[in-house]
Amino acid sequence: MLKGIKVPRRVTSILEGESLINDASSLIVFRFALAAVVSGTFSWHEAVASFVLVSGMGLVVGLAVAYGFYLIHRYLPTTPSINTLLTFLAPYVMYLLAEEFHFSGVLAVVSGGLLLSHLSHRVFDADTRLQATSVWASVGFALNGLVFILIGLELPVAVEGLGSYSLQQAITYGLIISVMVIIIRLVWMYPAAFIPRWLSPRIRATETSPGWQGTLILGWAGMRG
1 MLKGIKVPRR VTSILEGESL INDASSLIVF RFALAAVVSG TFSWHEAVAS FVLVSGMGLV
61 VGLAVAYGFY LIHRYLPTTP SINTLLTFLA PYVMYLLAEE FHFSGVLAVV SGGLLLSHLS
121 HRVFDADTRL QATSVWASVG FALNGLVFIL IGLELPVAVE GLGSYSLQQA ITYGLIISVM
181 VIIIRLVWMY PAAFIPRWLS PRIRATETSP GWQGTLILGW AGMRG
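Here the sequence shown is numbered in my numbering, starting from 1 and rising by one per residue.
Keep in mind the hints are simulated off the structure, nothing from the lab. Any given hint could be a false lead.
[Claimed, not checked] SDA-like cross-link-like pairs, simulated, lysine to any residue; straight-line CA separation at most 25 angstroms: (1) Lys3 - Leu89; (2) Lys6 - Met189; (3) Lys3 - Ala137; (4) Lys3 - Asn144; (5) Lys3 - Trp198; (6) Lys3 - Gln131; (7) Lys3 - Leu143; (8) Lys3 - Ile21; (9) Lys6 - Leu27.
All chains, full assembly: derive it from the sequences and hints.
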(Lines of atoms letter the chains of each structure in order from A and count residues from 1; the text may use other names and numbers.)
(Lines give C-alpha, C1' and ligand atoms only; values in the text may rest on other atoms or scores of the structure.)
Protein backbone atom coordinates (compact mmCIF):
# COMPACT_ATOMS: atom_id res chain seq x y z
CA MET A 1 0.00 0.00 0.00
CA LEU A 2 2.93 2.33 0.62
CA LYS A 3 4.74 1.71 -2.67
CA GLY A 4 3.24 4.78 -4.32
CA ILE A 5 3.65 7.05 -1.29
CA LYS A 6 6.81 8.92 -0.27
CA VAL A 7 7.33 7.33 3.14
CA PRO A 8 10.73 6.90 4.84
CA ARG A 9 12.18 3.46 4.26
CA ARG A 10 12.49 2.93 8.02
CA VAL A 11 8.73 3.37 8.49
CA THR A 12 8.01 0.92 5.66
CA SER A 13 10.43 -1.64 7.13
CA ILE A 14 8.79 -1.41 10.56
CA LEU A 15 5.32 -1.89 9.07
CA GLU A 16 6.46 -4.83 6.94
CA GLY A 17 8.16 -6.55 9.87
CA GLU A 18 5.22 -5.91 12.17
CA SER A 19 2.76 -7.37 9.65
CA LEU A 20 4.75 -10.61 9.60
CA ILE A 21 4.94 -11.02 13.37
CA ASN A 22 1.42 -9.71 13.97
CA ASP A 23 -0.34 -12.55 12.16
CA ALA A 24 1.70 -15.20 13.94
CA SER A 25 1.29 -13.75 17.44
CA SER A 26 -2.43 -13.15 16.88
CA LEU A 27 -2.98 -16.79 15.92
CA ILE A 28 -1.13 -17.97 19.03
CA VAL A 29 -3.12 -15.65 21.31
CA PHE A 30 -6.36 -16.81 19.64
CA ARG A 31 -5.38 -20.43 20.29
CA PHE A 32 -5.01 -19.75 24.02
CA ALA A 33 -8.20 -17.69 24.14
CA LEU A 34 -10.15 -20.48 22.46
CA ALA A 35 -8.75 -23.05 24.88
CA ALA A 36 -9.73 -20.84 27.83
CA VAL A 37 -13.30 -20.49 26.54
CA VAL A 38 -13.68 -24.23 25.92
CA SER A 39 -12.15 -25.32 29.24
CA GLY A 40 -13.56 -22.49 31.33
CA THR A 41 -10.22 -21.95 33.08
CA PHE A 42 -7.29 -19.64 32.41
CA SER A 43 -3.89 -19.35 34.09
CA TRP A 44 -1.67 -16.37 33.33
CA HIS A 45 1.50 -18.25 34.30
CA GLU A 46 0.71 -21.23 32.10
CA ALA A 47 -0.39 -19.02 29.21
CA VAL A 48 2.77 -16.89 29.31
CA ALA A 49 5.04 -19.93 29.60
CA SER A 50 3.21 -21.69 26.77
CA PHE A 51 3.31 -18.56 24.61
CA VAL A 52 7.07 -18.23 25.06
CA LEU A 53 7.61 -21.93 24.37
CA VAL A 54 5.35 -22.10 21.30
CA SER A 55 6.77 -18.87 19.85
CA GLY A 56 10.42 -19.51 20.68
CA MET A 57 10.51 -23.06 19.44
CA GLY A 58 8.61 -22.04 16.32
CA LEU A 59 11.41 -19.60 15.57
CA VAL A 60 14.04 -22.27 16.24
CA VAL A 61 12.37 -24.82 13.95
CA GLY A 62 12.01 -22.26 11.18
CA LEU A 63 15.65 -21.18 11.36
CA ALA A 64 16.88 -24.79 11.47
CA VAL A 65 14.84 -25.85 8.43
CA ALA A 66 15.81 -22.69 6.56
CA TYR A 67 19.50 -23.37 7.14
CA GLY A 68 19.01 -26.92 5.87
CA PHE A 69 17.47 -25.60 2.64
CA TYR A 70 20.29 -23.05 2.38
CA LEU A 71 22.81 -25.91 2.44
CA ILE A 72 20.84 -27.70 -0.28
CA HIS A 73 20.85 -24.59 -2.46
CA ARG A 74 24.55 -24.02 -1.91
CA TYR A 75 26.12 -27.45 -2.12
CA LEU A 76 23.85 -29.59 -4.31
CA PRO A 77 23.69 -29.22 -8.12
CA THR A 78 20.53 -27.26 -8.87
CA THR A 79 18.93 -25.32 -11.70
CA PRO A 80 16.74 -22.21 -11.59
CA SER A 81 13.65 -24.42 -11.83
CA ILE A 82 14.80 -26.63 -8.95
CA ASN A 83 15.67 -23.60 -6.84
CA THR A 84 12.25 -22.09 -7.48
CA LEU A 85 10.56 -25.37 -6.53
CA LEU A 86 12.57 -25.51 -3.31
CA THR A 87 11.37 -22.01 -2.38
CA PHE A 88 7.83 -23.44 -2.48
CA LEU A 89 8.70 -26.54 -0.48
CA ALA A 90 10.60 -24.73 2.27
CA PRO A 91 7.67 -22.91 3.94
CA TYR A 92 5.51 -26.05 3.94
CA VAL A 93 8.27 -28.09 5.58
CA MET A 94 8.80 -25.34 8.19
CA TYR A 95 5.10 -25.09 8.97
CA LEU A 96 4.31 -28.80 9.08
CA LEU A 97 7.37 -29.69 11.17
CA ALA A 98 6.66 -26.96 13.73
CA GLU A 99 2.97 -27.88 13.97
CA GLU A 100 3.90 -31.56 14.38
CA PHE A 101 5.53 -30.62 17.70
CA HIS A 102 2.69 -28.18 18.58
CA PHE A 103 4.84 -25.09 18.03
CA SER A 104 3.93 -22.03 15.96
CA GLY A 105 4.05 -22.98 12.29
CA VAL A 106 3.42 -19.40 11.21
CA LEU A 107 6.37 -18.05 13.20
CA ALA A 108 8.51 -20.88 11.83
CA VAL A 109 7.70 -19.78 8.29
CA VAL A 110 8.32 -16.11 9.11
CA SER A 111 11.71 -16.69 10.74
CA GLY A 112 12.83 -19.25 8.16
CA GLY A 113 11.71 -17.07 5.27
CA LEU A 114 13.60 -14.08 6.62
CA LEU A 115 16.78 -16.15 7.00
CA LEU A 116 16.54 -17.59 3.47
CA SER A 117 15.85 -14.14 2.08
CA HIS A 118 18.90 -12.78 3.91
CA LEU A 119 21.14 -15.57 2.53
CA SER A 120 19.64 -15.72 -0.97
CA HIS A 121 22.35 -13.55 -2.55
CA ARG A 122 24.89 -16.27 -1.72
CA VAL A 123 23.11 -19.08 -3.56
CA PHE A 124 20.81 -17.60 -6.22
CA ASP A 125 22.14 -16.44 -9.57
CA ALA A 126 20.42 -13.90 -11.82
CA ASP A 127 18.39 -16.52 -13.72
CA THR A 128 17.04 -18.01 -10.50
CA ARG A 129 16.12 -14.59 -9.13
CA LEU A 130 14.22 -13.63 -12.28
CA GLN A 131 12.33 -16.92 -12.44
CA ALA A 132 11.52 -17.13 -8.74
CA THR A 133 10.40 -13.49 -8.57
CA SER A 134 8.07 -13.89 -11.55
CA VAL A 135 6.57 -17.15 -10.29
CA TRP A 136 6.07 -15.91 -6.74
CA ALA A 137 4.48 -12.66 -7.96
CA SER A 138 1.82 -14.63 -9.86
CA VAL A 139 1.25 -17.14 -7.05
CA GLY A 140 1.08 -14.40 -4.43
CA PHE A 141 -1.52 -12.52 -6.44
CA ALA A 142 -3.62 -15.67 -6.85
CA LEU A 143 -3.37 -16.63 -3.17
CA ASN A 144 -4.34 -13.14 -1.97
CA GLY A 145 -7.39 -13.20 -4.21
CA LEU A 146 -8.33 -16.69 -3.01
CA VAL A 147 -8.03 -15.69 0.65
CA PHE A 148 -10.42 -12.76 0.25
CA ILE A 149 -12.87 -14.92 -1.71
CA LEU A 150 -12.87 -17.49 1.11
CA ILE A 151 -13.40 -14.74 3.70
CA GLY A 152 -16.38 -13.49 1.71
CA LEU A 153 -17.85 -16.99 1.47
CA GLU A 154 -17.60 -17.32 5.26
CA LEU A 155 -19.73 -14.21 5.87
CA PRO A 156 -23.11 -15.99 5.55
CA VAL A 157 -21.86 -18.71 7.91
CA ALA A 158 -20.79 -16.10 10.46
CA VAL A 159 -24.14 -14.31 10.22
CA GLU A 160 -26.03 -17.58 10.74
CA GLY A 161 -23.92 -18.31 13.80
CA LEU A 162 -24.83 -15.10 15.64
CA GLY A 163 -27.47 -16.95 17.64
CA SER A 164 -29.52 -14.60 19.82
CA TYR A 165 -27.65 -11.52 18.57
CA SER A 166 -29.06 -9.56 15.65
CA LEU A 167 -26.96 -8.45 12.68
CA GLN A 168 -27.33 -4.82 13.82
CA GLN A 169 -26.00 -5.69 17.29
CA ALA A 170 -23.05 -7.55 15.78
CA ILE A 171 -22.20 -4.59 13.53
CA THR A 172 -22.48 -2.21 16.51
CA TYR A 173 -20.14 -4.32 18.64
CA GLY A 174 -17.73 -4.60 15.71
CA LEU A 175 -17.62 -0.84 15.22
CA ILE A 176 -17.13 -0.18 18.96
CA ILE A 177 -14.28 -2.69 19.19
CA SER A 178 -12.66 -1.35 16.00
CA VAL A 179 -12.75 2.26 17.23
CA MET A 180 -11.31 1.26 20.62
CA VAL A 181 -8.48 -0.73 19.04
CA ILE A 182 -7.61 2.08 16.60
CA ILE A 183 -7.52 4.69 19.39
CA ILE A 184 -5.40 2.45 21.66
CA ARG A 185 -3.02 1.79 18.77
CA LEU A 186 -2.57 5.51 17.99
CA VAL A 187 -2.14 6.46 21.66
CA TRP A 188 0.33 3.63 22.30
CA MET A 189 2.60 4.41 19.35
CA TYR A 190 3.83 7.78 20.64
CA PRO A 191 5.29 6.62 23.97
CA ALA A 192 6.61 3.48 22.23
CA ALA A 193 8.42 5.65 19.68
CA PHE A 194 9.76 8.44 21.90
CA ILE A 195 10.36 7.01 25.41
CA PRO A 196 13.29 4.81 24.22
CA ARG A 197 14.84 7.92 22.62
CA TRP A 198 14.54 9.85 25.88
CA LEU A 199 16.06 7.02 27.92
CA SER A 200 18.90 5.98 25.60
CA PRO A 201 21.57 8.41 24.34
CA ARG A 202 22.77 5.72 21.92
CA ILE A 203 19.39 5.57 20.19
CA ARG A 204 19.33 9.36 19.88
CA ALA A 205 22.82 9.32 18.38
CA THR A 206 22.29 6.51 15.87
CA GLU A 207 18.65 6.80 14.84
CA THR A 208 16.76 9.73 13.42
CA SER A 209 13.58 10.84 15.12
CA PRO A 210 10.41 9.49 13.46
CA GLY A 211 8.64 12.76 14.21
CA TRP A 212 4.94 12.99 14.89
CA GLN A 213 4.18 12.37 11.21
CA GLY A 214 6.06 9.06 11.02
CA THR A 215 4.56 7.89 14.29
CA LEU A 216 1.07 8.81 13.07
CA ILE A 217 1.63 6.72 9.92
CA LEU A 218 2.84 3.79 12.03
CA GLY A 219 -0.19 4.11 14.30
CA TRP A 220 -2.75 4.35 11.51
CA ALA A 221 -1.26 2.03 8.87
CA GLY A 222 0.03 -0.66 11.25
CA MET A 223 -1.63 -4.05 11.60
CA ARG A 224 -4.31 -4.26 14.28
CA GLY A 225 -4.93 -8.00 14.27
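ask   = Among the hints numbered above, which are violated by the structure, and what are their numbers in rising order?
value = 1, 5 and 9
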